[in-house]
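Start from the sequences and build out the full structure, keeping to the hints where you can.
Here the protein sequences come in this chain order: A and B.
End of the first sequence = 519 in our numbering, gap-free, step of one.
End of the second sequence = 519 in our numbering, gap-free, step of one.
Honestly, the hints are just simulated from the structure, not real lab data.
Wrong hints could be hidden among the right ones.
Just a sample of chain A residues kept apart from chain B, beta carbon distances all over 12 angstroms, derived [stated by the list, open to error]:
(1) 250
(2) 286
(3) 287
(4) 311
(5) 360
(6) 365
(7) 375
(8) 385
(9) 413
To give an idea of the chain A side of the interface with chain B (calculated C-beta under 8 angstroms), a few residues [to be verified]:
(10) 383
(11) 440
(12) 501
Idealized CB from N, CA, C, for every residue including glycine.
2 protein chains.
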Amino acid sequence: MRAVGLITEYNPLHNGHRYHIQTAKQLTGADCTVVVMSGNWLQRGEPAILDKWTRAKLALQNGADLVIELPVYFATQPAHLFARGGVTLLSALGVRHLVFGAEHPQLDFARLARTLAEQRADFSAYNATFATQFNAALQAATGVTLTHANDMLSFCYYVANQQLPRPMTLLPIQRQRADHADTTIDDRHFASGTAIREAAFARQWTTIQPVVPADTFDQLQRQRLQRWADFWPFLQYQLLTVGVAQSGQYDQMAEGLEYRMREKAQTATDFDDFIHQVKSKRYTYTRLQRVATAALLQLTQAEVQAAQAQPYIRVLGFNATGQTYLHQVKKQLEWPLYTKINKDLRQHAMNLDYRAGRVYELVNGQSQDLYRRPWRF
Amino acid sequence: MRAVGLITEYNPLHNGHRYHIQTAKQLTGADCTVVVMSGNWLQRGEPAILDKWTRAKLALQNGADLVIELPVYFATQPAHLFARGGVTLLSALGVRHLVFGAEHPQLDFARLARTLAEQRADFSAYNATFATQFNAALQAATGVTLTHANDMLSFCYYVANQQLPRPMTLLPIQRQRADHADTTIDDRHFASGTAIREAAFARQWTTIQPVVPADTFDQLQRQRLQRWADFWPFLQYQLLTVGVAQSGQYDQMAEGLEYRMREKAQTATDFDDFIHQVKSKRYTYTRLQRVATAALLQLTQAEVQAAQAQPYIRVLGFNATGQTYLHQVKKQLEWPLYTKINKDLRQHAMNLDYRAGRVYELVNGQSQDLYRRPWRF
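Spelled out as structure tokens, the structure:
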């Protein structure tokens, strides 16, 4: 039994994502589609509009056979660490092909990655302004600059894949829309996640219906929808009360940023105003949102790094095919496989995901870990 | 010009408090009434129903000449530290008489305090279950037990006063009602603060009108009223996200209590349910509420102790008499006198009061320190 892997966020799952799943199956002829999906907190440093259980269910309803959670300590990281988390998880699960969308799939990502690797560029040093510094290094090494988010992410998949003892086969495909952050819906069947989320919060249902599967449409209308504004009171409270000695330890908090965040938290009227006030040339909005997420979840850099070094496989759901595949690879797994949480996991190995879920739950109101079992389709 | 001092909370200011002010003036013939009043967080570990500025104004409208804030690092402490804060503040202001209510003013508090002092009882060791352990020591030394809250507080005033280089004259008076926590209003003009607060939250205005001054009645109807339930979402969020290594540092957090609080925060439905779930024989409700306050404000024991060692005089308001008195004592003050906050004070000397005010403000919506000047009557 052969599996193809996808690294996803599904915020929310739309027609472009369904096309991605279908294409991955067709391209590879795989028997099983394994989806690694961010949990409740995402790569751009924001809460998911629908919780991880709803999104995992939508994935199973739209072609996935097995859904695995990308833990918060990988999901809320810069592109190279997000990519490393997804790639190593899929590889640990015995997946042989990875299919992903890029704005320019024709680029020779493998060569770019090898060339940059030869320069011995140290990605871990690029935490501060990753995109800019990374592109400077890439430009110096290859003469190419990657300015599109998914080209960049694709490149990161290649870099992470090269470091595996037994690399997967990577298959970039053309994204349906060039601009991931496009906020308008002008195509008949496809729209960006950003545009769909904005329409959902505005309750513009007729705009959304043509561009998402029926199940997504149904869930968007039925479930509580989350966004940063919901969590702002907690973030503001936290930044006002925590000492800078402590907040300076938060993951991705750059030197001195803790003072700036404390100061701006005092005058900001809402989350957008806060991020605008904190914004400077040194940091991108995405970076600041990731730091805000770390502050909200009180994730320290030490905790995140320790967790990244001891990952696990958390199952969110599967169908009969996914179950057979899991059974097939179970014995060779190097990492622990978790299907439910217990007191020990909650306090230790899965502590960060559990905490991230508890905070999400304060707004969402649905238990995210306790008493939850994987979906069985 | 001679001054009489009062140590108060005014939660809210009622007829019993007005009687207290009038009696203090009559008993001592003082020219100036100096009121030390808890800020927004109180000795029983709860938010004040009205903010400190409203309560200071009410004090000035009802006989006080000068109102000083009892800083949060004294106000939210066990009786002996609360008493020490109030007594040393008044003494620092040159006050010669202290008048306070007791359930049994006829008790020879001075002798009890001297006797216990001779036993070299160390109050600072009684943090855990202060009332019980303290009474055991008092019983052993004197044969007397103090079971009423204001008898106990009165005794603490004597203990603190004895430690002053130049002790004040202490004058206990009969409290109008024996039971401070009585929740019924059955007297024509007097009722406990607890009963008045409950009636105010139930909007039973006709019940309240006879037992509070007109200005208090007016403010209770006009202002936003605060209680623990308002701050519970922040406390729950905090206990769910903070690490036990950090929460174990919070002021008055006893060994192991941080684990119990974290566990109960996960299942509690509201603040009352939380405190009930955490309650055990080892801790009183009041003690647990004080710990909850320290957790909410992220006050560590180290911070509180450092602040107690470097106190200041924060003026909330005065009339002409109070101003003259302040002018008279200004030159001999050993402690700094603050009438407004600036960036340096906010980040250093007054950091804890500022933080306590910012959290209160998240619910109350009125600036508690920035842009505020003392009332001038």
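Quick rundown of the hints versus the structure:
With a cut of 12 angstroms on Cβ distances, residue 250 of chain A stays outside the contact zone with chain B, its closest approach being about 44 angstroms. No Cβ of chain B comes within 12 angstroms of the Cβ of residue 286 of chain A; the nearest lies about 42 angstroms off, and the non-interface call holds. Against chain B, the non-interface label of residue 287 of chain A holds: every CB pair exceeds 12 angstroms, the least being about 39 angstroms. Chain B leaves residue 311 of chain A outside its interface by the beta-carbon criterion, the shortest separation being 41 angstroms against a cut-off of 12 angstroms.
Consistency note on residue 360 of chain A: stated as away from chain B, and its beta-carbon is indeed over 12 angstroms from all of that chain's, at 30 angstroms minimum. Listed as outside the interface, residue 365 of chain A is consistent with that label: its C-beta sits roughly 21 angstroms from the nearest C-beta of chain B, beyond the 12 angstroms cut-off. With 12 angstroms as the threshold on Cβ separation, the claim that residue 375 of chain A sits away from chain B is violated: the shortest Cβ distance comes to roughly 7 angstroms. Non-interface status of residue 385 of chain A relative to chain B is broken: a Cβ of that chain comes within 12 angstroms, the nearest being about 7 angstroms off.
No beta-carbon of chain B is positioned within 12 angstroms of the beta-carbon of residue 413 of chain A; the least distance is around 15 angstroms. For residue 383 of chain A, the shortest C-beta to C-beta distance to chain B is roughly 4 angstroms, which falls under 8 angstroms, so the interface hint holds. This hint holds: residue 440 of chain A has a C-beta 4 angstroms from the nearest C-beta of chain B, less than the 8 angstroms allowed. The restraint placing residue 501 of chain A at the interface with chain B holds, with a minimum CB-CB distance near 6 angstroms, inside the 8 angstroms limit.
When held up to the earlier numbered hints, the structure conflicts with 7, 8 and fits the remainder.
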